[in-house]
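Trainee: Sequence:
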Amino acid sequence: MEQQAMEQIMRLGPLAAGIGAGLAVIGAGLGIGKLASSALEGIARQPEAAGDIRSTMLIAAALIEGVAFFAEVIALMTMGQ
Numbered sequence: 062m063e064q065q066a067m068e069q070i071m072r073l074g075p076l077a078a079g080i081g082a083g084l085a086v087i088g089a090g091l092g093i094g095k096l097a098s099s100a101l102e103g104i105a106r107q108p109e110a111a112g113d114i115r116s117t118m119l120i121a122a123a124l125i126e127g128v129a130f131f132a133e134v135i136a137l138m139t140m141g142q
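Heads up, the sequence shown is in our numbering, so the first residue is 62 and it goes up one at a time.
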């Protein structure tokens, strides 16, 4: 009985990995959307600071994407265990 329950739990690994990767992508999308919205608003308010705002936005977007990619890799790595 216990062995059968463990096998059923192990079959749910791909589902859990897919949900985890999906949540990481959703979080990254929301974060980058909020980041771009705020950057565009800042540029609209201070056009002379557009270069600084743009470069800071790109660095922050890269960091958000890096964290999302890391979360997806961890989700897929745990799928096999």
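Errors might be hidden in some of the hints.
Between beta-carbon pairs, the in silico distance windows are [to be verified]:
id, residue 1, residue 2, range
1, G74, G127, 32 to 38 Å
2, V134, Q65, 54 to 60 Å
3, L73, E126, 26 to 32 Å
4, P108, F130, 29 to 35 Å
5, L124, R72, 33 to 39 Å
6, L101, M140, 44 to 50 Å
7, I70, K95, 34 to 40 Å
8, V128, G79, 38 to 44 Å
9, F130, A77, 15 to 21 Å
These aren't lab readings, by the way, just hints derived from the structure by calculation.
From the three backbone atoms N, C-alpha and C, an ideal C-beta is built for every residue, glycine too.
Trainee: All the hints need checking, so say for each whether the structure fits it.
Mentor: Each hint, compared with the structure:
no. : hint                    : result
1   : G74 x G127: 32 to 38 Å  : violated (25 Å)
2   : V134 x Q65: 54 to 60 Å  : violated (31 Å)
3   : L73 x E126: 26 to 32 Å  : holds (28 Å)
4   : P108 x F130: 29 to 35 Å : holds (33 Å)
5   : L124 x R72: 33 to 39 Å  : holds (35 Å)
6   : L101 x M140: 44 to 50 Å : violated (38 Å)
7   : I70 x K95: 34 to 40 Å   : holds (36 Å)
8   : V128 x G79: 38 to 44 Å  : violated (19 Å)
9   : F130 x A77: 15 to 21 Å  : holds (18 Å)
In summary, the numbered hints that this structure violates are 1, 2, 6 and 8.
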